[in-house]
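As given, the protein sequences belong to chains A and B, one line each in that order. Residue numbers are given in our numbering: position 186 of the first sequence equals residue 186, and the series is strictly consecutive. Residue numbers are given in our numbering: position 21 of the second sequence equals residue 21, and the series is strictly consecutive.
Quick caveat, the hints were computed from the structure, so don't treat them as lab data. Just so you know, not all the hints are guaranteed correct.
If you want a taste of the chain A side facing chain B, the calculated C-beta under 8 Å gives, among others [said to hold, decoys possible]:
1. S62
2. S150
3. A176
Derived pair list, reagent style SDA-like, types lysine to any residue, alpha-carbon separation capped at 20 Å [what the hints assert, rightly or not]:
4. B:K85 <-> A:A176
5. B:K85 <-> A:Q172
6. B:K85 <-> A:G174
7. B:K85 <-> A:R173
Glycine residues also receive a C-beta, built at the ideal position from the N, C-alpha and C atoms.
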Amino acid sequence: MSWVLDHIGEILSLAGQHAYLAGVPLLVGLLLALPLGWLARRYPRLYPPLIVGTGLLYTIPSLALFILLPLVIGTRVLDPTNVLVAMTIYTVALLVRTVADGLGSVPEVVNQAATAMGYRRVARFFTVELPLAVPVIAAGLRVAAVSNVSIVSVASLVGVSQLGYFLTDGYQRGFATELVVGIVSCVVLALVFDGLIVLAGRVMTPWQRVGR
Amino acid sequence: MIDNILGWLTDPVQWSGPDGIPARVTQHLGYSVVTLLVAAVIAIPLGLLVGHTGRGRFLVSMANSLRAVPSLGLLFAISLWVGPKIHGSLAFVIPSIIVLVLLAIPPILSGTYAGIEGVDPAARDAAKGMGMRGSEVLRVVELPCALPLLMSGLRSAALQVIATATIASSVSLGGLGRYLIDGVASNQYEVMAGGAMLVAGLALLVDLLMAGLQRAVVSPGLTGKFRHSGAVASDIASQPSTSS
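Pulled out of the complex, with its shape left as it was, chain A reads as follows:
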């Protein structure tokens, strides 16, 4: 416990770095997945290639992706940008399907009713379809958030510092306290992300609480 108190500054700064490396890709990935998921939904012919394509990206193991990205985007091996891009790729891969299925979960009668009320396609998407798809998209986002937090810690093997540093350093020094602190901080961060997404999902779907 005294080790934790002595290192509280370091723990918080690495946790901040970890939250940045896992969180920014989550937002960017969601922004990219929305149009892709919409495309997959709007044009059923695009659904299989988009889902299979993003699924294949997801199969690439994280450590391999961190190392191979410099070849594609021209960064240095130890550059944190590699981690940001890799996590964005994983997030998009997880969310395209979720967004497409979420939009698909909106009942057809609702869309027809909105059209009958005079909604044009764009307005209908943003004010009817997307809000109704929020519960499904939020569920997918929760999975992506937890998996991002776990995967980011692997980046300490390629020298990008975040909470994973406590894991590698604790292991190399045979120092269990540091290792446990690293694991617990990661789990806490994952729970914080999870809680924030659940909260945001609730705020965006007030009708789900009416009449219960």
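Use these hints to put chain B onto chain A, whose structure you have.
Just chain B now, with coordinates in the frame of chain A:
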């Protein structure tokens, strides 16, 4: 840079001996197959049982919450804890295998459980009405209907295992991860990138094979391939379940 990597990948030296690419691929696949088998033997019966009886759902949520634990942390913690208790050359292998099994269980367990849980209650009732006993319903109706989700669970477990086995080279496990970890340690980009390409290729190949297997074992009545001759079975399967 690409030339260096291709040069490394095509160098005959890399293709023979105990440190050669074929030996590393075999090792990597070996760990993965053993792990998946052990995890499947534990998780599939458990998932079937929980799904069929509806009891012990906490096991599934417990296994799922394990996913929030970073795999790298789990790997280091178990190596530090279990490693010293085992002597000889297995000291490096056993802890890694334990971690890989632990990570493979949640996707298989929740896939199997969700598959059974999602079986149309009408199909289950029909089977009971035809006089099937509980175990027969499970074997003849629920298990085949659950196969798509069960197989998806196995697929994501396989990917998880291949990826984590790569990371496990940092606790001295063999396999393709050696190239990545040793390449980073000696700052040789062609070694780590060549190894990374091999790992990515292996993961893609295994995923495609598992996808093929999934297609082969799932009943055509569930996949809609019978649509032209009568859409009854697939329509039943694709209807949203009303249970629970």
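Cross-check of the supplied hints:
Hint status for A:S62 relative to chain B: holds, with the closest Cβ pair at about 6 Å, below 8 Å. About 4 Å separates the beta-carbon of A:S150 from the nearest beta-carbon of chain B, less than 8 Å, and the hint is met. A distance limit of 8 Å between C-beta atoms decides the matter here; for A:A176 the minimum to chain B is near 6 Å, and the interface restraint holds. For the suggested pair B:K85 and A:A176, the alpha carbons sit about 16 Å apart, so the restraint of at most 20 Å is met.
Using a Cα cut-off of 20 Å, the hinted pair B:K85 and A:Q172 holds, with the two alpha carbons roughly 18 Å apart. At most 20 Å may separate the alpha-carbon atoms for a hinted pair to count; B:K85 and A:G174 meet this at roughly 14 Å. For the given pair, B:K85 sits about 18 Å from A:R173 by alpha-carbon distance, which is consistent with the 20 Å threshold.
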